[in-house]
Amino acid sequence: MFSRLFDSISYPLVAFVFFIYILLMYFSNKRYNTYSNKIYRVLLLLTITTTLTLFFDFFGTDGVVGFKGLEGIFARGYILSTMLWASTYSYYLIATFMLNNPTQKQLRTIKIILYTFNILLFLVSCFLELEYHHRTIYAIGGKALIPLYVEFAVTGTIYLLCPILKYKQMNRTQLIMHSMILIILIIMTVFRFFTEWDVNYFTYIICIIPIALYFSSESSSYLLGKELEESKKDFEKLNVEENTKINNLSTTLNDHLSTVLYHQRILNDPNISETDFNNEKIHIYNETKNIYEVFKSIEKKQILDNEKEVRK
Amino acid sequence: MEELVMRDLLVGLAFTIGTFFVLLLLYFVYYFQDRRTGIKADLYRYAIIINAILIISELISSFLLYDKLSPVLGEILLKFHWYTGVMYFYTFYFYADAHLKNINEVDKKEFMFKRKEAKIINIITLAFTIAFCVIQFKDLDYHALSYLPGWPAYIVFTYAVIIVMVTFFKYIKKKNKTKNEVKFVLLFLCVPTIDLALQIVWLNVAFSPTFMAFLLMGCYFLLENPDLYVAQELEETKKALEYTSVHKEYILSLKAQVTNNKILSINQNLYNAISNNDRESSKNDVNNNLTNLVDVIYGMQSVFNTLTIDEDHTKTFEYEYNTKTLLNKLYFYSLNKIKNKNIKLSFEIDPFLPISLYGDENIIFQTLSTCLSTAIDNTNVGKVTLKLRCNFVNNRVLLKFDVSDTSNGLDENIVNKINSDTINDAEIPMIENYYISKKYLSFINGTYVISSNIGAGNNVTINFEQKIINQSKIGDMTFDGVNYNINIANRKILIVDNNSSELKYLLNKYNNINYEVVNNFEECINKIKLDETITTILLNPTIDLTNENMAKTLKSIMPVHQGVSNKVIAILANTVSDTRKKYIEEGYDSFIEKPFNEYDLNELLNKI
Numbered sequence: 024m025f026s027r028l029f030d031s032i033s034y035p036l037v038a039f040v041f042f043i044y045i046l047l048m049y050f051s052n053k054r055y056n057t058y059s060n061k062i063y064r065v066l067l068l069l070t071i072t073t074t075l076t077l078f079f080d081f082f083g084t085d086g087v088v089g090f091k092g093l094e095g096i097f098a099r100g101y102i103l104s105t106m107l108w109a110s111t112y113s114y115y116l117i118a119t120f121m122l123n124n125p126t127q128k129q130l131r132t133i134k135i136i137l138y139t140f141n142i143l144l145f146l147v148s149c150f151l152e153l154e155y156h157h158r159t160i161y162a163i164g165g166k167a168l169i170p171l172y173v174e175f176a177v178t179g180t181i182y183l184l185c186p187i188l189k190y191k192q193m194n195r196t197q198l199i200m201h202s203m204i205l206i207i208l209i210i211m212t213v214f215r216f217f218t219e220w221d222v223n224y225f226t227y228i229i230c231i232i233p234i235a236l237y238f239s240s241e242s243s244s245y246l247l248g249k250e251l252e253e254s255k256k257d258f259e260k261l262n263v264e265e266n267t268k269i270n271n272l273s274t275t276l277n278d279h280l281s282t283v284l285y286h287q288r289i290l291n292d293p294n295i296s297e298t299d300f301n302n303e304k305i306h307i308y309n310e311t312k313n314i315y316e317v318f319k320s321i322e323k324k325q326i327l328d329n330e331k332e333v334r335k
Numbered sequence: 029m030e031e032l033v034m035r036d037l038l039v040g041l042a043f044t045i046g047t048f049f050v051l052l053l054l055y056f057v058y059y060f061q062d063r064r065t066g067i068k069a070d071l072y073r074y075a076i077i078i079n080a081i082l083i084i085s086e087l088i089s090s091f092l093l094y095d096k097l098s099p100v101l102g103e104i105l106l107k108f109h110w111y112t113g114v115m116y117f118y119t120f121y122f123y124a125d126a127h128l129k130n131i132n133e134v135d136k137k138e139f140m141f142k143r144k145e146a147k148i149i150n151i152i153t154l155a156f157t158i159a160f161c162v163i164q165f166k167d168l169d170y171h172a173l174s175y176l177p178g179w180p181a182y183i184v185f186t187y188a189v190i191i192v193m194v195t196f197f198k199y200i201k202k203k204n205k206t207k208n209e210v211k212f213v214l215l216f217l218c219v220p221t222i223d224l225a226l227q228i229v230w231l232n233v234a235f236s237p238t239f240m241a242f243l244l245m246g247c248y249f250l251l252e253n254p255d256l257y258v259a260q261e262l263e264e265t266k267k268a269l270e271y272t273s274v275h276k277e278y279i280l281s282l283k284a285q286v287t288n289n290k291i292l293s294i295n296q297n298l299y300n301a302i303s304n305n306d307r308e309s310s311k312n313d314v315n316n317n318l319t320n321l322v323d324v325i326y327g328m329q330s331v332f333n334t335l336t337i338d339e340d341h342t343k344t345f346e347y348e349y350n351t352k353t354l355l356n357k358l359y360f361y362s363l364n365k366i367k368n369k370n371i372k373l374s375f376e377i378d379p380f381l382p383i384s385l386y387g388d389e390n391i392i393f394q395t396l397s398t399c400l401s402t403a404i405d406n407t408n409v410g411k412v413t414l415k416l417r418c419n420f421v422n423n424r425v426l427l428k429f430d431v432s433d434t435s436n437g438l439d440e441n442i443v444n445k446i447n448s449d450t451i452n453d454a455e456i457p458m459i460e461n462y463y464i465s466k467k468y469l470s471f472i473n474g475t476y477v478i479s480s481n482i483g484a485g486n487n488v489t490i491n492f493e494q495k496i497i498n499q500s501k502i503g504d505m506t507f508d509g510v511n512y513n514i515n516i517a518n519r520k521i522l523i524v525d526n527n528s529s530e531l532k533y534l535l536n537k538y539n540n541i542n543y544e545v546v547n548n549f550e551e552c553i554n555k556i557k558l559d560e561t562i563t564t565i566l567l568n569p570t571i572d573l574t575n576e577n578m579a580k581t582l583k584s585i586m587p588v589h590q591g592v593s594n595k596v597i598a599i600l601a602n603t604v605s606d607t608r609k610k611y612i613e614e615g616y617d618s619f620i621e622k623p624f625n626e627y628d629l630n631e632l633l634n635k636i
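Going line by line, the protein sequences match chains A and B.
According to this note's numbering, the stretch in the first sequence is residues 24 to 335, in order.
According to this note's numbering, the stretch in the second sequence is residues 29 to 636, in order.
Simulated from the structure, these hints should not be mistaken for lab results.
Cβ atoms here follow ideal geometry from the backbone N, Cα and C, with glycine treated the same way.
Mixed in with the good hints, there may be bad ones.
Claimed, not checked - Each computed SDA-like pair below joins lysine to any residue, with the alpha-carbon atoms no more than 20 Å apart:
1) B:K367 to B:Y326
2) A:K268 to B:K609
3) A:K53 to A:E250
4) B:K290 to A:E250
5) A:K256 to B:S310
6) A:K312 to B:S293
7) A:K312 to B:S310
8) A:K249 to B:K266
Stated by the list, open to error - Okay, the calculated bits of chain B under chain A, using three or more residues with CB under 8 Å as the criterion:
9) 39-53
10) 306-313
11) 521-532
Please construct the entire structure, taking both the sequences and the accompanying hints into account.
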């Protein structure tokens with residue numbers, strides 16, 4: 024009996040193991056508070072809930088452990104959790120790939136529409152019949168699952184529309200990951216129908232998608248990369264500013280020095296008159312004073328900068 | 029029955045198939061990202077490829093063996109699959125070794141085959157390989173799936189245990205373990221152990237490919253993840269930002285503070301000098317003080333240049349220059365600095381020095397002038413010598429300068445500090461001039477070594493390479509004055525600058541040079557249209573800061589002369605290499621700097 028149970032949950036189990044790995048990595052590294060990151064965090068939470076409810080569901084309905092009387096609650100919980108997962112994933116896809124820098128208002132509107140639709144579907148599902156297939160592979164069945172399929176049909180449509188309509192908004196890794204998920208889904212579905220493959224590959228995909236998202240968009244390297252780009256831009260800007268300042272100082276000093284040397288050359292001319300000689304000396308003295316002012320300005324600026332730093 | 033076996037097969041391979049798809053994601057993300065180079069990255073890449081082969085060969089062999097579809101091929105493939113386990117751990121041994129020893133840039137053959145411990149591992153691997161090939165799988169039961177099929181599998185597991193244990197002991201022996209190394213070794217120890225335990229308990233479920241993939245993913249997150257390197261680069265960029273804002277300001281203000289006192293004193297002395305009624309003595313005092321002023325400002329300009337050239341040296345500016353002019357400039361600069369001191373100046377130049385070289389002349393002049401200036405400052409009596417020797421390599425020349433003096437010498441600690449590779453900000457004021465020269469040389473990949481004997485003097489040795497443009501030799505170097513007999517009276521020079529008094533003064537010394545001065549760019553254009561004899565324009569680019577195309581505009585409207593090319597030369601008032609580069613890129617043919625050096629001007633006039 025346990026072996027037959029293992030048949031069904033082995034695939035979600037292996038994906039869940041890798042998912043936990045990603046989860047640990049995600050929370051042990053630097054995280055950002057962007058809207059996509061916030062939605063991703065909710066998606067991670069719902070992935071854990073969905074997978075754990077599935078495991079509980081199997082144990083409960085198959086009678087291995089036996090949660091008598093709680094089977095219905097677990098089964099409905101699984102449906103709700105999976106539907107919420109699908110809505111959150113749709114929300115993520117729309118917010119990240121289909122909208123260009125969405126405003127808070129836009130995000131709120133999409134969120135309300137998706138989750139209202141979700142709740143309505145779940146309410147409809149609650150009034151529909153739920154079947155338990157004790158001691159068989161499919162633990163949950165019946166008409167109550169139809170709203171869940173509708174929800175996934177909507178998510179699937181959004182998923183397919185993303186690369187078709189907004190492929191420019193997706194980078195190369197995101198496009199590859201997006202295609203990979205689709206390929207895995209197709210392979211598993213084809214295999215399922217041709218070999219009567221008795222596995223819950225639905226939950227497997229639910230665990231795989233956050234892994235793919237981590238690799239393509241949510242790993243901190245992507246956001247660190249953006250921060251790095253900005254830092255580099257800041258550095259370049261500051262460097263240009265500093266160099267311009269130094270160039271200007273250099274120009275001012277040499278300009279003054281050029282004038283001083285000109286007057287010095289005239290001063291050293293043996294044929295210069297006494298009056299001109301005295302005038303040249305005064306010119307030289309005045310220009311030297313100007314040079315002193317330039318140096319004082321450098322020192323003054325530094326004192327002001329230091330004061331600013333202390334105030335900070 | 030058949031259906032059940034197929035289902036059992038799929039369940040047995042559930043972990044492998046499930047892992048395969050997860051790994052596909054890792055493969056794609058790893059191969060489509062910027063990967064590092066070096067032995068660590070290479071070995072990780074090999075491990076990924078081996079793991080992929082391990083999974084695929086297991087899947088194919090299992091399906092081939094299923095219900096005896098193709099038992100012979102299936103068995104060969106199964107054998108191959110298990111051997112990939114040996115290859116996986118073999119690769120992982122070197123991968124772990126490279127990390128524990130922190131080796132990256134190393135010859136792969138040397139690292140994997142020629143070292144003593146590598147040879148031992150290779151012999152062990154060879155022994156296990158032979159044993160693995162000789163011993164066959166025994167009576168494979170195609171209906172009772174087992175993923176631990178007999179002795180060859182045990183051989184692979186034994187090999188894995190040996191590799192893990194050797195790595196673990198090497199890790200224990202290692203001092204100063206990093207956090208990531210602890211995590212990595214724990215992973216390397218725990219993952220195969222759990223795998224082995226589970227595999228023994230559940231013989232009909234394939235766990236190994238999953239755990240091997242798990243190990244690879246762990247390495248990705250701990251060691252190969254670009255996050256780690258992006259974070260490191262971010263840290264470095266932030267440090268560079270801090271360097272630019274704090275270090276540059278610090279050095280600048282430090283220099284300004286020191287220089288302020290000197291200029292204040294020069295100012296005071298000049299005031300006394302102009303109050304002096306004796307004409308000759310007043311003139312001498314003014315001249316002496318102005319020599320000091322030039323020194324101070326040159327020192328400041330050196331600091332400016334040091335600060336504007338980036339660490340990656342992209343702001344150096346190389347061009348063809350005349351070695352004779354450079355040495356002449358250095359000689360007369362030094363002579364002017366010695367003035368009334370009782371010092372003999374000697375330049376001993378290798379007669380084989382090529383006449384024309386290619387490099388950043390500005391940096392070379394400033395390095396050598398700083399060295400000579402420091403030597404003259406330190407010496408009161410005796411001699412300051414500059415020796416230049418050349419070594420030729422293909423079309424390049426290695427220039428070896430020795431600047432020696434007869435000063436009192438430097439303390440050993442100071443000498444060590446100057447020769448040291450790491451000088452902190454607080455130590456810079458103590459060895460400022462040496463620091464600047466050394467820093468300059470680093471921009472042109474030169475070396476700087478100082479030696480000193482207390483009571484006997486200092487010797488600075490400078491080496492750097494330059495590209496040869498003209499092979500003609502300089503011969504016996506003589507230091508001549510400026511030649512004022514340049515005859516270009518049939519052409520006219522137009523000066524466009526609002527502060528051209530020094531230049532006019534210097535040009536007046538020439539007998540056959542025609543020039544005219546205008547104060548702005550518009551006047552300049554009108555002048556060119558009216559006067560066809562103008563072939564050279566000396567233009568200060570800062571005269572119109574909004575117009576970056578002045579040189580190109582002028583060249584396009586200047587009339588064409590037969591046998592003479594029109595030239596637009598930038599009058600620059602700063603010594604920063606980057607500025608020179610910028611103006612040449614904007615279309616200027618050459619440049620000349622304020623305050624004007626008579627030798628530079630002479631060379632320029634000779635060329636036009």
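Going down the list of hints, with the structure as the test:
no. : hint             : in the structure
1   : B:K367 to B:Y326 : holds, 17 Å
2   : A:K268 to B:K609 : holds, 17 Å
3   : A:K53 to A:E250  : holds, 12 Å
4   : B:K290 to A:E250 : violated, 45 Å
5   : A:K256 to B:S310 : violated, 54 Å
6   : A:K312 to B:S293 : holds, 11 Å
7   : A:K312 to B:S310 : holds, 18 Å
8   : A:K249 to B:K266 : holds, 14 Å
9   : 39-53            : holds (count 10)
10  : 306-313          : holds (count 3)
11  : 521-532          : holds (count 3)
Checked against the numbered hints above, the structure breaks hints 4 and 5 and satisfies the rest.
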